[in-house]
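So the chains spell out like this:
2 protein chains.
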Amino acid sequence: MTRKQLVEQIFKKKSFLCVGLDPDLEKIPEHLLDTEDPIFEFNKSIIDATKDYCVAYKPNLAFYECLGIDGWNSFQKTISYIPNDCFIIADAKRGDIGNTSLYYAKTFFETYPCNAITIAPYMGSDSIQPFLSYENKWTVVLAMTSNKGARDFQFLEVNNIPIYESVVSKCLEWGNEENTMFVVGATRSSDISKIRKLAPNHFFLVPGVGAQGGSLEEVVKYGMTNECGLLVNSSRGIIYADKSENFANGAKKEALKIQSQMAVYLKRF
Amino acid sequence: MTRKQLVEQIFKKKSFLCVGLDPDLEKIPEHLLDTEDPIFEFNKSIIDATKDYCVAYKPNLAFYECLGIDGWNSFQKTISYIPNDCFIIADAKRGDIGNTSLYYAKTFFETYPCNAITIAPYMGSDSIQPFLSYENKWTVVLAMTSNKGARDFQFLEVNNIPIYESVVSKCLEWGNEENTMFVVGATRSSDISKIRKLAPNHFFLVPGVGAQGGSLEEVVKYGMTNECGLLVNSSRGIIYADKSENFANGAKKEALKIQSQMAVYLKRF
Numbered sequence: 001m002t003r004k005q006l007v008e009q010i011f012k013k014k015s016f017l018c019v020g021l022d023p024d025l026e027k028i029p030e031h032l033l034d035t036e037d038p039i040f041e042f043n044k045s046i047i048d049a050t051k052d053y054c055v056a057y058k059p060n061l062a063f064y065e066c067l068g069i070d071g072w073n074s075f076q077k078t079i080s081y082i083p084n085d086c087f088i089i090a091d092a093k094r095g096d097i098g099n100t101s102l103y104y105a106k107t108f109f110e111t112y113p114c115n116a117i118t119i120a121p122y123m124g125s126d127s128i129q130p131f132l133s134y135e136n137k138w139t140v141v142l143a144m145t146s147n148k149g150a151r152d153f154q155f156l157e158v159n160n161i162p163i164y165e166s167v168v169s170k171c172l173e174w175g176n177e178e179n180t181m182f183v184v185g186a187t188r189s190s191d192i193s194k195i196r197k198l199a200p201n202h203f204f205l206v207p208g209v210g211a212q213g214g215s216l217e218e219v220v221k222y223g224m225t226n227e228c229g230l231l232v233n234s235s236r237g238i239i240y241a242d243k244s245e246n247f248a249n250g251a252k253k254e255a256l257k258i259q260s261q262m263a264v265y266l267k268r269f
Numbered sequence: 001m002t003r004k005q006l007v008e009q010i011f012k013k014k015s016f017l018c019v020g021l022d023p024d025l026e027k028i029p030e031h032l033l034d035t036e037d038p039i040f041e042f043n044k045s046i047i048d049a050t051k052d053y054c055v056a057y058k059p060n061l062a063f064y065e066c067l068g069i070d071g072w073n074s075f076q077k078t079i080s081y082i083p084n085d086c087f088i089i090a091d092a093k094r095g096d097i098g099n100t101s102l103y104y105a106k107t108f109f110e111t112y113p114c115n116a117i118t119i120a121p122y123m124g125s126d127s128i129q130p131f132l133s134y135e136n137k138w139t140v141v142l143a144m145t146s147n148k149g150a151r152d153f154q155f156l157e158v159n160n161i162p163i164y165e166s167v168v169s170k171c172l173e174w175g176n177e178e179n180t181m182f183v184v185g186a187t188r189s190s191d192i193s194k195i196r197k198l199a200p201n202h203f204f205l206v207p208g209v210g211a212q213g214g215s216l217e218e219v220v221k222y223g224m225t226n227e228c229g230l231l232v233n234s235s236r237g238i239i240y241a242d243k244s245e246n247f248a249n250g251a252k253k254e255a256l257k258i259q260s261q262m263a264v265y266l267k268r269f
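So the protein lines, in turn, are chains A and B. Under our numbering, think of the first position of the first sequence as 1, with each following residue one higher. Under our numbering, think of the first position of the second sequence as 1, with each following residue one higher.
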């Protein structure tokens with residue numbers, strides 16, 4: 001999916017919501033556990049319920065990998081089931097030396113054809129560039145994450161510049177706004193504006209709204225551009241909004257609630 | 001495998017060699033491509049040929065993942081085939097927020113029972129601690145890697161201290177020498193001593209000897225302890241030493257050559 005197509009979807013659906021697909025056998029409704037593929041059945045219902053209110057899905061690979069072959073089958077079926085007008089982000093946080101990153105790119109852009117993959121930047125240029133060589137595919141680089149541990153290294157300052165800013169600056173040299181996004185946590189909204197200054201047109205993937213405590217209003221205030229420039233993710237807040245047999249309806253309500261707020265913010269353009 | 005058992009293996013086999021299992025369908029001998037599982041057949045022959053000369057194997061997940069289900073089956077069969085007295089490092093470079101890292105730990109310590117996993121530290125404490133909660137399992141944290149891009153972020157200095165040193169210092173607070181190792185690239189051997197000073201007893205996993213240009217002599221000079229403290233990895237240099245039908249013999253010769261050098265270094269204790 002190109003940037004233009006993504007922006008079109010956002011304004012058409014009046015939404016910049018990304019739904020995180022983190023299916024956990026210990027959390028999904030019990031009645032699904034008797035089905036042949038509980039993970040896929042769960043995702044299928046969530047997708048059916050939320051696809052009109054979101055523009056992207058973000059399956060988190062850890063939840064599939066831990067189930068072995070069964071999990072990878074569920075992942076495969078899930079990305080095939082997601083409608084073509086939705087953007088798919090493989091939340092895999094990969095990154096290795098050049099010749100290895102090439103194979104990770106192949107995994108998530110060819111074997112499992114997603115639109116984007118999340119990448120950990122610690123190993124630098126040659127760990128990121130192989131992903132950027134794919135046309136119309138997206139590399140979503142961890143810049144400032146939403147977790148507690150983000151403080152340990154990302155906020156260390158070199159000449160008053162935090163590491164996360166150095167990551168963004170370097171990535172701006174390697175890629176462009178048509179193939180690179182940044183993960184920018186909602187839990188540190190006042191810092192979002194720093195990254196927005198560095199990368200005025202890049203899309204940010206924003207986790208941490210909802211379960212992790214970030215505020216949509218703040219994210220919009222500091223991060224929105226005239227082409228939106230945001231994909232705001234909610235995982236647990238949507239998919240586990242209701243843990244009964246009516247879970248899909250609970251997810252739908254929660255997605256609609258967030259989308260309605262997003263529609264107001266998008267109206268200004 | 002405990003630290004004590006690993007050290008015993010090293011002195012018994014007179015080797016601290018780790019063989020990297022990076023099987024690539026474009027590089028393995030052509031006659032294997034007709035077999036049912038070329039990747040496993042290749043690994044099996046490499047393991048048979050090298051197991052007496054190495055103490056560890058390091059399958060690099062990218063090479064398996066990119067083949068989808070087939071690749072994960074080959075990975076599963078490979079780790080089952082590796083003899084029990086060899087240490088298995090899943091070179092997966094995972095790392096995510098706490099509740100997700102827990103599932104990555106489950107993947108490589110339970111679903112696919114390896115002894116160790118490599119971890120990218122960018123997301124900090126809660127991305128690493130879930131791995132450390134497993135008894136007799138090892139977390140191998142990327143500190144100073146052997147690739148070109150390592151310079152981009154790992155060598156940035158905060159108050160004259162490079163980021164890779166901050167990573168090591170923090171990990172020393174979270175784990176100990178019984179559950180934590182560090183990736184320390186052989187291509188920057190003079191910097192190995194800095195990390196050795198910080199972590200006098202921890203094991204280092206050292207990539208970059210061979211294909212990437214690092215020297216075994218230098219690694220030993222700056223990194224060896226009286227319990228060895230080193231696992232030196234060679235991937236391409238061993239597994240693709242000979243690309244003919246005699247590839248296993250080529251791998252054996254190369255592994256034996258390195259092991260013979262290692263035996264000399266270990267004699268001093």
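These are computed hints drawn from the structure, not numbers from a lab. Treat the hints loosely; a few may be bogus.
Intra- or inter-copy, both count: the list cannot distinguish identical chains.
Straight-line C-alpha distance at most 27 Å; calculated DSSO-like pairs for lysine-lysine [to be verified]:
1) 197 - 221
2) 267 - 194
3) 4 - 14
4) 27 - 44
5) 137 - 148
6) 243 - 106
7) 257 - 14
8) 148 - 51
9) 106 - 44
10) 257 - 197
11) 267 - 243
12) 27 - 106
13) 77 - 51
14) 221 - 243
15) 194 - 221
16) 257 - 51
17) 27 - 170
18) 44 - 197
19) 253 - 106
20) 148 - 77
21) 12 - 170
22) 148 - 4
23) 106 - 148
24) 12 - 253
25) 137 - 253
26) 106 - 14
27) 27 - 13
28) 27 - 12
- Which of the numbered hints above does this structure break? Of the numbered hints, 8, 10, 11, 14, 17, 18, 19, 20, 21, 22, 25, 26, 27 and 28 do not hold.
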